[in-house]
Amino acid sequence: MVQLIDRRASSRGRSAVNRERFLRRYKLHIQQAVRKMVDERRLADMEQGGEVRVPKKDISEPSFGYGAGGDREFVLPGNREYVAGDRIPRPRGAGGGGVGEAGGAGDSEDAFVFSLSREEFLRIFFDDLELPHLARTQFGRTEQKRSVRAGFTKAGVPANLSIVRTLTQSLARRIALQGNLRREAQVLEASFGIATAAGQSVHAAGIYAELERVQRRRGTLPFIDDPDLRYRNRAWRPEPIARAVMFCLMDVSASMDEDKKDLAKRFFTLLHLFLTRKYAEVDLVFIRHTEDAEEVDEDAFFHDTRSGGTVVMSALELADKLRSARYAQDWNVYVAQASDGDAFGADPARSARFLREKLLAATRYYTYLELADPRSANRPSALWSEYERVAESADNFAMRRATGGDQIYPVFRELFRKDSTS
Amino acid sequence: MTPISRGADWDFDLLERYDSAIAGVAAEFGLDTYPNQVEVITSEQMLDAYASSGLPIGYPHWSYGKEFIRNEQAYRHGMQGLAYEIVINSDPCIAYLMEENTAATQALVIAHACYGHNSFFKGNHLFRQWTQADAILDYLVFARRYVMECEERHGAGAVEEVLDASHALMAHGVDRYRRPAAATLRAETARLAAREVHRERQFNDLWRTVPESPRDSAAPSQRCFPPDPQENVLYFVEKHSPKLEPWQRELVRIVRKLAQYFHPQAQTKVMNEGWATFWHYTIVNRLHEQGSVDDGFMLEFLKSHTNVVAQPAFDSKGYGGINPYALGFAMFADLKRVCEAPDAEDRAWFPGVAGSDWRATLDFAMRNFKDESFIAQYLSPRLMREFHLFAIADHSGEDALVVDSIHDERGYRRVRKLLAQQYAQESWVPDVQILRFDRDGDRSLTLRHQLRRGRPLTEAAAEVVAHLRRLWGFPVRLETHAAEGRVGAILECAA
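Going line by line, the protein sequences match chains A and B.
Per this note's numbering, the first sequence starts with residue 1, numbered consecutively.
Per this note's numbering, the second sequence starts with residue 1, numbered consecutively.
A couple of the hints might just be wrong.
Listed next, the in silico EDC-like pairs over lysine to aspartate or glutamate satisfying Cα-Cα at most 16 Å (straight line) [what the hints assert, rightly or not]:
hint : chain 1 : residue 1 : chain 2 : residue 2
1    : B       : K417      : B       : D399
2    : A       : K56       : B       : E463
3    : A       : K56       : B       : E459
4    : A       : K265      : A       : D297
5    : B       : K122      : B       : D91
6    : A       : K321      : A       : E357
Between beta-carbon pairs, the in silico distance windows are [claimed, not checked]:
hint : chain 1 : residue 1 : chain 2 : residue 2 : range
7    : A       : R165      : B       : R145      : 31 to 41 Å
8    : B       : E100      : A       : T305      : 35 to 45 Å
9    : B       : R249      : A       : G85       : 50 to 60 Å
10   : B       : G473      : A       : A68       : 57 to 67 Å
11   : A       : S60       : B       : R144      : 40 to 50 Å
12   : B       : R249      : A       : R237      : 54 to 64 Å
13   : B       : E16       : A       : E281      : 49 to 59 Å
14   : A       : A391      : B       : R145      : 51 to 61 Å
15   : A       : E61       : B       : H154      : 16 to 26 Å
Selected chain A positions facing chain B (in silico; Cβ < 10 Å) [as the list claims (entries may be wrong)]:
hint : residue
16   : Q3
17   : N18
18   : R24
19   : R25
20   : Y66
21   : R72
22   : R90
23   : G199
24   : V202
25   : A254
Bear in mind the hints are in silico, worked out from the structure with no lab data behind them.
Glycine included, every Cβ here is placed at the ideal spot set by N, Cα and C.
With the sequences and hints as input, model every part of the structure.
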């Protein structure tokens with residue numbers, strides 16, 4: 001009579017398509033929210049999902065309804081002390097709202113809040129962004145070779161002998177070659193039996209000789225023959241390197257104030273986020289420099305203060321030294337440099353030359369962010385002018401200027417746009 | 001008799017045994033139901049079902065995604081539990097049961113949904129008149145496929161625009177009264193002949209001498225279309241919009257059909273839930289009398305049941321309006337009491353009901369009423385006292401709210417009338433109708449909002465008019481008419 005159906009296994013996530021549509025429709029809001037999250041977040045929490053608030057007004061589905069004003073009556077349960085004619089002061093704020101209506105209605109919120117999962121957050125965050133020059137991985141230095149299994153061969157060294165395969169082959173060969181002989185032997189045995197029973201001894205002896213010959217041939221089939229041998233084969237297949245190292249170079253000289261450091265911090269975070277999404281393993285190297293460069297840990301990098309002049313060259317040299325010492329092989333090398341460009345003397349020209357001639361060749365991608373003073377946003381620094389010449393000749397080099405926190409994200413987007421060719 | 005089961009675990013076998021026990025009791029009480037189809041789902045699927053108003057199949061639309069996200073959030077944060085079941089007005093009647101429910105809850109839910117709601121769907125006049133239980137599932141399949149085909153052919157954006165606009169007018173897309181059936185030729189001829197006879201009989205040559213008023217002749221009747229205001233805005237758009245493509249018309253029609261399908265549910269919340277709750281209570285108690293369920297089962301059942309029918313007071317923290325389960329259950333239970341053991345007050349208030357056969361009386365009430373009329377007819381003074389119902393007047397002319405009437409001798413009738421009105425459709429859907437379609441002129445559409453007791457429309461009205469403009473293709477005006485026939489505010493959407 002009743003029909004029982006177990007639906008538990010079927011059609012999960014029926015609303016996924018609708019949820020997806022919702023997100024697409026409010027993409028703009030969500031993107032803004034994500035941008036804001038990136039701005040507000042501490043580095044450590046960057047890679048989590050987050051809450052998105054969309055104003056209720058923007059998302060509501062309008063319909064004709066009664067607004068505040070006019071005359072109305074409503075009935076409520078749970079009267080305790082009121083009698084007809086009592087006057088109750090109007091609750092503030094709720095225009096026509098009743099005494100108890102503010103309670104459960106829940107309309108007081110003015111925003112629709114929902115959370116993005118970590119994946120959704122990152123997808124929107126990295127929307128349209130691609131790893132620069134991904135096509136080059138086909139022939140570039142990102143490749144390493146890995147030995148993989150590739151079937152079996154008939155020739156090889158004894159160490160690679162596949163016993164199971166070889167025995168399979170041998171068994172098949174023996175069955176195939178023995179078949180006829182066995183059948184022949186059976187026929188001969190039968191006629192030998194008939195001949196002996198009939199007393200035809202001469203004929204029987206002839207048959208017996210023949211039978212012996214056949215049996216002998218059966219016995220001579222080798223258990224394992226050369227054609228049976230099978231060897232495990234291995235081949236070298238090129239594989240993209242799943243490891244990347246990111247060098248963070250930051251100028252911590254006196255001219256880099258807290259605001260600029262904050263900007264730089266975000267820039268590095270974004271690059272790091274991006275790399276962790278692309279590579280299985282990402283190493284971070286923090287190099288801060290004033291007149292001379294030193295490698296520090298993350299905490300010191302962002303939070304310790306030092307003062308002094310600026311020699312960019314020192315940081316580049318240190319980065320190159322560390323690279324060839326630790327990351328010479330099988331690593332994708334990325335360098336992100338943040339500076340206010342306040343270098344002087346011969347340093348900018350020397351740095352640019354070092355970059356062009358040495359470091360860039362060993363680097364997958366080099367990004368330079370100049371943290372310009374808002375006051376002098378239009379005047380490029382000495383380093384900037386030198387680097388511009390590098391950018392002209394190298395295609396794995398990108399540079400941008402930013403003055404405020406809100407510019408970091410667009411800068412990043414430009415740096416890593418899918419078809420970035422700068 | 002030994003209990004059907006002990007403990008909380010259940011399997012499909014057990015559900016079947018519970019169902020047959022419950023079916024036996026339901027038959028004993030004479031409940032007439034569609035065949036049942038019980039589907040066991042996970043909480044995740046329950047959230048899915050929530051998003052599409054409980055329908056098993058829905059066309060894709062962002063608003064369902066929003067609803068899904070909202071419910072999911074509330075559920076994840078523990079602000080909202082999930083219903084034990086969802087039941088669909090279809091033939092066979094589909095009920096979704098959550099897998100998390102215990103055996104006792106599953107039995108409760110089967111009694112509630114598969115016999116309570118089910119018999120209500122089959123019996124109540126609104127459902128009989130406005131929904132086709134045997135066709136709805138097929139129609140949903142058709143709607144989904146049609147919408148998706150349109151998306152492929154015309155783009156998701158174009159489809160979404162039509163659906164958004166239609167959704168905005170959903171409350172104004174239902175017929176509340178049956179349209180007269182198209183007259184057959186024979187009936188029409190007969191009517192005209194009868195009319196002719198009547199005119200001949202009434203003929204008086206004197207009328208010829210009365211001068212005609214010049215105004216009448218200056219206003220040719222065909223200039224005013226439609227001749228009467230039309231309350232089903234979506235229907236009018238579907239039939240008369242000058243701009244809509246055929247596929248857009250069909251989309252409007254799909255939304256309108258769904259609105260019509262849900263129309264009876266909105267009208268009978270209290271009755272429907274009350275009826276189902278009353279029957280699960282009655283059926284399970286009967287099972288206990290029979291010994292089919294043990295005391296442990298009953299304790300768990302009573303806990304769920306009392307949770308469902310709790311009515312917090314208006315000033316308590318958990319108040320969310322009048323609980324339709326509580327009010328409906330109390331009314332049906334009270335009606336049964338009036339039939340079985342009436343006191344003097346009941347005899348005075350319900351002379352026709354007091355002392356009658358309770359099953360026949362309840363069946364009659366279930367079949368022939370909606371919330372508004374059900375409350376106006378059957379809410380007893382005793383219940384008003386039990387619920388401590390009181391009415392508050394919120395008039396714009398007063399600087400404070402005034403207690404209009406309370407649950408006392410002078411107030412009973414007034415409170416009951418006001419509560420009944422609260423459930424009338426007019427109290428939440430403003431009166432907006434199609435007034436004029438300027439067919440021969442600029443093809444503009446004029447809507448009339450009849451101001452009711454001075455209550456204005458919300459600001460969203462402008463957006464709705466803009467949506468309607470999109471569907472209509474030509475300028476749309478919304479005139480607000482005050483009671484005296486004065487035209488007040490005008491909202492216009494020209495482009």
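Given the proposed pairing of K417 of chain B with D399 of chain B, does the C-alpha separation stay at or below 16 Å? Given pair K417 of chain B, D399 of chain B is violated - Cα atoms ~25 Å apart, limit 16 Å.
Using the C-beta atoms of E61 of chain A and H154 of chain B, is the stated range 16 to 26 Å upheld? Given a distance of about 22 Å, which is inside 16 to 26 Å, the answer is holds.
Should the interface hint for R90 of chain A be scored as holding, given a Cβ-Cβ cut-off of 10 Å against chain B? OK, holds: R90 of chain A within 10 Å of chain B, min 6 Å.
Quick check: does the Cβ-Cβ distance between R165 of chain A and R145 of chain B fall within 31 to 41 Å? 54 Å Cβ-Cβ, so the 31 to 41 Å window is violated.
Per the CB criterion, is A254 of chain A less than 10 Å away from chain B? Constraint on A254 of chain A not satisfied, violated at 49 Å.
Does the structure keep K122 of chain B and D91 of chain B at a Cα separation of 16 Å or less? 9 Å, holds
Residue hint Q3 of chain A, partner chain B, criterion CB-CB below 10 Å: With a minimum Cβ separation of about 4 Å from chain B (threshold 10 Å), the hint on Q3 of chain A holds.
Would the hint on R25 of chain A be counted as holding, given a Cβ-Cβ threshold of 10 Å to chain B? 5 Å, holds
Close enough to count: is the Cβ of R72 of chain A nearer than 10 Å to one in chain B? Since the shortest Cβ distance to chain B is 5 Å, the answer is holds.
So the hint says 50 to 60 Å: do the beta-carbon atoms of R249 of chain B and G85 of chain A match that? 55 Å, holds
Outcome for the supplied range 57 to 67 Å, where the beta carbon pair is G473 of chain B and A68 of chain A: Between G473 of chain B and A68 of chain A, where Cβ atoms are some 33 Å apart, the hint is violated.
Checking one constraint from the list: CA of K56 of chain A to CA of E463 of chain B, max 16 Å. Satisfied? Holds, at roughly 14 Å.
Checked against the numbered hints above, the structure breaks hints 1, 7, 8, 10, 11, 23, 24, 25 and satisfies the rest.
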